[in-house]
Every structure is written in structure tokens, then in C-alpha cells.
Amino acid sequence: AQSVAQPEDQVNVAEGNPLTVKCTYSVSGNPYLFWYVQYPNRGLQFLLKYITGDNLVKGSYGFEAEFNKSQTSFHLKKPSALVSDSALYFCAVRASRVGSARQLTFGSGTQLTVLP
Amino acid sequence: SAVISQKPSRDICQRGTSLTIQCQVDSQVTMMFWYRQQPGQSLTLIATANQGSEATYESGFVIDKFPISRPNLTFSTLTVSNMSPEDSSIYLCSVKDSGGRDEQFFGPGTRLTVL
Chain A
1 AQSVAQPEDQ
11 VNVAEGNPLT
21 VKCTYSVSGN
31 PYLFWYVQYP
41 NRGLQFLLKY
51 ITGDNLVKGS
61 YGFEAEFNKS
71 QTSFHLKKPS
81 ALVSDSALYF
91 CAVRASRVGS
101 ARQLTFGSGT
111 QLTVLP
Chain B
1 SAVISQKPSR
11 DICQRGTSLT
21 IQCQVDSQVT
31 MMFWYRQQPG
41 QSLTLIATAN
51 QGSEATYESG
61 FVIDKFPISR
71 PNLTFSTLTV
81 SNMSPEDSSI
91 YLCSVKDSGG
101 RDEQFFGPGT
111 RLTVL
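Chains A and B, in that order, give the protein sequences.
Just so we're aligned: 86 in the working numbering is position 86 of the first sequence, and the numbers increase by one with no gaps anywhere.
Just so we're aligned: 59 in the working numbering is position 59 of the second sequence, and the numbers increase by one with no gaps anywhere.
The shape of chain B in the complex, shown without the other chains:
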């Protein structure tokens, strides 16, 4: 299985600022995703990070608020821009297995608190 690391693991930020979350995978993967888990809730897909092209955003999420980069097959970043307390969540990076086993793996998450 892929090993996924995220930085930072947690942060406390002020309203109006931005935070960039990094996701590093130990192997090349085709598909990378970013999810949000709001307090006490399930996971919601923000976007699919596409290597070499713009990310594909789900309904309710826009690039201006959540810009995503994917410069290569092992790394991606998610920025949470102009933060408000409603952005306080756990943000998880996820990758889909490239070996045909159709499994999806998740990073440890970044716990964000916006004051």
C-alpha cells in the first residue's frame, strides 16, 4: 500500500489568512484526491488533483478558495485561502492504488483550526 505523509499535521490560523497543505506519496500514483472532514461529519471530496493540468473540483468547491497543485506523480498541495472559522476541518490527501487493486489510501490528515 502507498505511504502518504502530510504537512503540517495541524495548525491554528487567523481568519483571512491562507494555509498550504502538502501531500507526499512514496510511489507514483495516477489519481490523487483532497477530502475535507468537518467536525463530527463524514468525508467530502473537494477535488481530484490532476498531474500537469487543473484540478477537477466537486460541486460547492472552487479553485479560488482551494487552489491545488500537482507538479508530479508523488506530490500535491492544497491551499485553503482567505480562511474563516467555517474552514476548520481535517483535510485529507488520498491516492488511488495504481496497481489495479482498486484500493484508495488516505494520509493522516491536517487538522486546521481557524480562529
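Extracted from the complex, chain A is given alone in its bound form:
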């Protein structure tokens, strides 16, 4: 079965500092990896994905994530945090193998708070 772990329930960072939100995964075969953001009283918004190719993927709002196969990780990063980045972030995985479960499995979420 596929699974995602987000080890930190809460991450606090000062505005202007770099931020990292951690994610590790478990899946059979090669993973498709995703990050979503959820603002209060809003649905999930897609940030970025890793399917294949470059291990460093760039997404919306200046976010990027690095796929590390050996560590089975897909940490979300941003060089300089903004107060408006404060939100709930979800990592998700789906197996790429034909015939495997095609639905997304989500992590438990990490609440990011950027302090002014």
C-alpha cells in the first residue's frame, strides 16, 4: 500500500527566511508526487508535481520541491517565505505503475506559519 508521511504538524518560519516542509513516501515502483496548498475555507490548490525528469521541480508562487529517490523524500522549499504563504500544505503520492491504485494518497498535512 502507498503512504505519505509529513513528520511536522507545524512549521514556523520568519518572513524572508527559507522554508522547508518535509515529506517522505512509500509506493511500489516509481512515484508520482504532488504538493497541494489549502488556505482557510478554501479547497486544495495544486502547487507542483514530480512525474519524471529533473529531480528539482518548480511550481506556483515560487515554491520548488526536490525528489530524492534514495531517501524517498519530496521536500517542499521556498528561498524566501512570505506571510501570505501561511497555509496548510499536503504532500501526495500516486503509483505510476500500470494496474496499480491510481488514486492519490495524502499526507497528514503541515501547517506553515510565516511570522512577520
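Since the hints were made in silico from the structure, they are not lab data.
Warning: the hint list may mix true and false statements.
Straight-line alpha carbon distances no greater than 25 Å define the calculated SDA-like cross-link-like pairs of lysine to any residue that follow [claimed, not checked]: (1) 22/A x 44/B; (2) 58/A x 26/A; (3) 49/A x 103/B; (4) 49/A x 2/A; (5) 58/A x 48/A; (6) 49/A x 48/B; (7) 7/B x 39/A; (8) 22/A x 48/B; (9) 22/A x 39/B; (10) 77/A x 42/B; (11) 69/A x 52/A; (12) 65/B x 31/B; (13) 22/A x 41/A.
Here are some chain B residues the structure puts well away from chain A; computed CB gaps all over 12 Å [stated by the list, open to error]: (14) 15; (15) 20; (16) 70; (17) 73; (18) 79; (19) 87.
Backbone N, C-alpha and C define an ideal beta-carbon position, used for all residues, glycine too.
Go by the hints and put chain B onto chain A.
The following block gives chain B in isolation, referenced to the frame of chain A:
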């Protein structure tokens, strides 16, 4: 990206009643899903809504409790039946991109409170 709307956006319901949530997409999509997000928790897949056939339910979810319709490629409904306070959650409709980009998009959600 697909634009997804849900109705209602929120509701407060009495125990024992049922609520039907509608999901409308602005383009034809092959795969539609329904998720539940309980307070302070992550998303859990309820079922995959199949066009023209019965939905495929995940472990722990049954058709009698969460009947789903999918009459065409742009619309689906989820009914939460015989509600109890434990059903208080956000219910999200989601679609998978049909254009080969392998992205999944989510509606704004329906916030349900059961008294």
C-alpha cells in the same frame, strides 16, 4: 486546469437526515473522485465516481451511506445518508486531468456540520 464548483458550499443538518452535494466541472473528465476531510485531518478518498456504472468505494465506505451518481462526464453527486455528528467534515470533489498531464484538481469543498 479544470474549474470545479460544488453546491452547497456549506450546510448545517440535523441528525438522521440526508444531504446531496453536487459537483460540476467545466470540461469533460474521465475520472472524478469524492474525498472527505474530517476536522484537523488529511483527505481520505471515499470513492471513484464512474460514468454510467456504480461508483468504486474505498475500504470503510459503503454505497448505502454514500450513494454517488455520475450521469455524464461533467457532473456528479454525493449523498451523505442518515447523518450523524461524526459525518461533520469537508467533502471535496476532485477530477483527474484528461489531457495527459497527470494532475488532479479539487473543488472548493462542502463544509457539512451535523447537529
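So, going through the hints one by one against the coordinates:
no.: 1; hint: 22/A x 44/B; verdict: 20 Å, holds
no.: 2; hint: 58/A x 26/A; verdict: 22 Å, holds
no.: 3; hint: 49/A x 103/B; verdict: 8 Å, holds
no.: 4; hint: 49/A x 2/A; verdict: 17 Å, holds
no.: 5; hint: 58/A x 48/A; verdict: 7 Å, holds
no.: 6; hint: 49/A x 48/B; verdict: 22 Å, holds
no.: 7; hint: 7/B x 39/A; verdict: 19 Å, holds
no.: 8; hint: 22/A x 48/B; verdict: 29 Å, violated
no.: 9; hint: 22/A x 39/B; verdict: 22 Å, holds
no.: 10; hint: 77/A x 42/B; verdict: 21 Å, holds
no.: 11; hint: 69/A x 52/A; verdict: 11 Å, holds
no.: 12; hint: 65/B x 31/B; verdict: 21 Å, holds
no.: 13; hint: 22/A x 41/A; verdict: 24 Å, holds
no.: 14; hint: 15; verdict: 24 Å, holds
no.: 15; hint: 20; verdict: 19 Å, holds
no.: 16; hint: 70; verdict: 16 Å, holds
no.: 17; hint: 73; verdict: 17 Å, holds
no.: 18; hint: 79; verdict: 20 Å, holds
no.: 19; hint: 87; verdict: 19 Å, holds
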